[in-house]
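Enquirer: Chain by chain, the residues:
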Amino acid sequence: EVQLVESGGGLVQPGRSLRLSCTASGFTFGDYAMNWFRQAPGKGLEWVGFIRSKAYGGTTEYVASVKGRFSISRDDSKSIAYLQMNSLKTEDTAVYFCTRGSPRGGSSVDYWGQGTLVTVSS
Amino acid sequence: DIQMTQSPSSLSASVGDRVTITCRASQDINDYLAWFQQKPGKAPKSLIYDTSSLQSGVPSRFSGSGSGTDFTLTISSLQPEDFATYYCQQYNRYPLTFGGGTKVEIK
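So the sequences go chain by chain: A and B.
Residues 1 to 122 in our numbering are what the first sequence spells out, letter by letter.
Residues 1 to 107 in our numbering are what the second sequence spells out, letter by letter.
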C-alpha cells in the first residue's frame, strides 16, 4: 500500500526556516517524482514545486512565489523527500501536502499525504 | 500563467442526481488536466488524469471529458460520499495551476 507521511510542520516566526519531510512507503521511491502542494486556511490548492526522479536528473521546478526561498531535495536511500523553507512569510501559512508523480515530473499525481500545517506568525 | 476557471463555484444536488462541473483553461492545455476531490479536513484525492483516465479505485460514476480549453467532470449518479469540493488542475505548463474549486452540497 502506497503511503506518504508528512512531518515537520509547526509554528515559526516570519523570516525563519523550517524543513518538512515526506516519508514514503509501499513503492520504489526513487522511480518517481515528488511534488509539494499547499492549501492556505479556507483557500484552494496551490502547487509549490517538485523534484524529478534521478533518472530524469533529479532536477526541480518551483512556483514563482517560493523560488529562491524554498528548495526540494530527496534521499532515495531513505525514501524521503524534503521541502526546505527559508525566509518564511505570513502568506506561507498553509497545510503542505506531498504527492507522488510520474518520473519526469510536471505531470499528474496519484497519491497524497495527509498534510502538515505550517503557521508563520510572530 | 495558465488560469483555470471552474463553474459553478457551488451547487446543491440530491443523491442520484447527475452532476456536471466545468473547467476552462485560459489557453490550450493539450488535455493535461486532472480532477481532485477534497472533503473537509482531509487531503485531496486524485480522481482523473489526462482529461478522462480514472485513477485506480475511482468509481466508474466519475468521468471526465473535454479538449483544448474546455473540460468537464461528470458524476452520473451522486452518492452520499460524493459531497465534497472538486478541483481541476492543468499540468501542461509550469506553474501547475488549479481552478478555484466547486463545492457540491446536499440539497
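Treat the hints with care, since some could be wrong.
[As the list claims (entries may be wrong)] Partner residues aside, some chain A positions facing chain B, computed with beta carbon under 8 angstroms: (1) S7; (2) L11; (3) V12; (4) G15; (5) S21; (6) F27; (7) Y56; (8) G68; (9) G113; (10) Q114; (11) G115.
[What the hints assert, rightly or not] Beyond 10 angstroms from chain B on every Cβ pair, some chain A residues (computed): (12) R16; (13) T23; (14) G30; (15) L45; (16) A55; (17) K78; (18) I80; (19) T90; (20) T93; (21) S107; (22) S108; (23) S122.
Read the hints as simulated data drawn from the structure, not as lab findings.
Ideal Cβ positions, reconstructed from N, Cα and C, are used throughout, including at glycine.
Enquirer: Now tell me, hint by hint, if it's right for this structure.
Expert: Verification of the hints:
1. S7: 14 angstroms, violated
2. L11: Violated - the Cβ of L11/A stays beyond 8 angstroms from chain B, reaching only about 19 angstroms at its closest.
3. V12: Result: violated, 22 angstroms to nearest chain B Cβ.
4. G15: 24 angstroms, violated
5. S21: 16 angstroms, violated
6. F27: With a minimum Cβ separation of about 13 angstroms from chain B (threshold 8 angstroms), the hint on F27/A is violated.
7. Y56: 15 angstroms, violated
8. G68: 14 angstroms, violated
9. G113: 6 angstroms, holds
10. Q114: 5 angstroms, holds
11. G115: 5 angstroms, holds
12. R16: 25 angstroms, holds
13. T23: The assertion about T23/A holds, with a minimum of 15 angstroms to chain B.
14. G30: Holds, because the least Cβ-Cβ distance between G30/A and chain B comes to about 21 angstroms, which exceeds 10 angstroms.
15. L45: 5 angstroms, violated
16. A55: 19 angstroms, holds
17. K78: 22 angstroms, holds
18. I80: 18 angstroms, holds
19. T90: Since the minimum Cβ distance to chain B is about 21 angstroms, T90/A lies beyond 10 angstroms and the statement holds.
20. T93: 17 angstroms, holds
21. S107: 6 angstroms, violated
22. S108: 3 angstroms, violated
23. S122: 27 angstroms, holds
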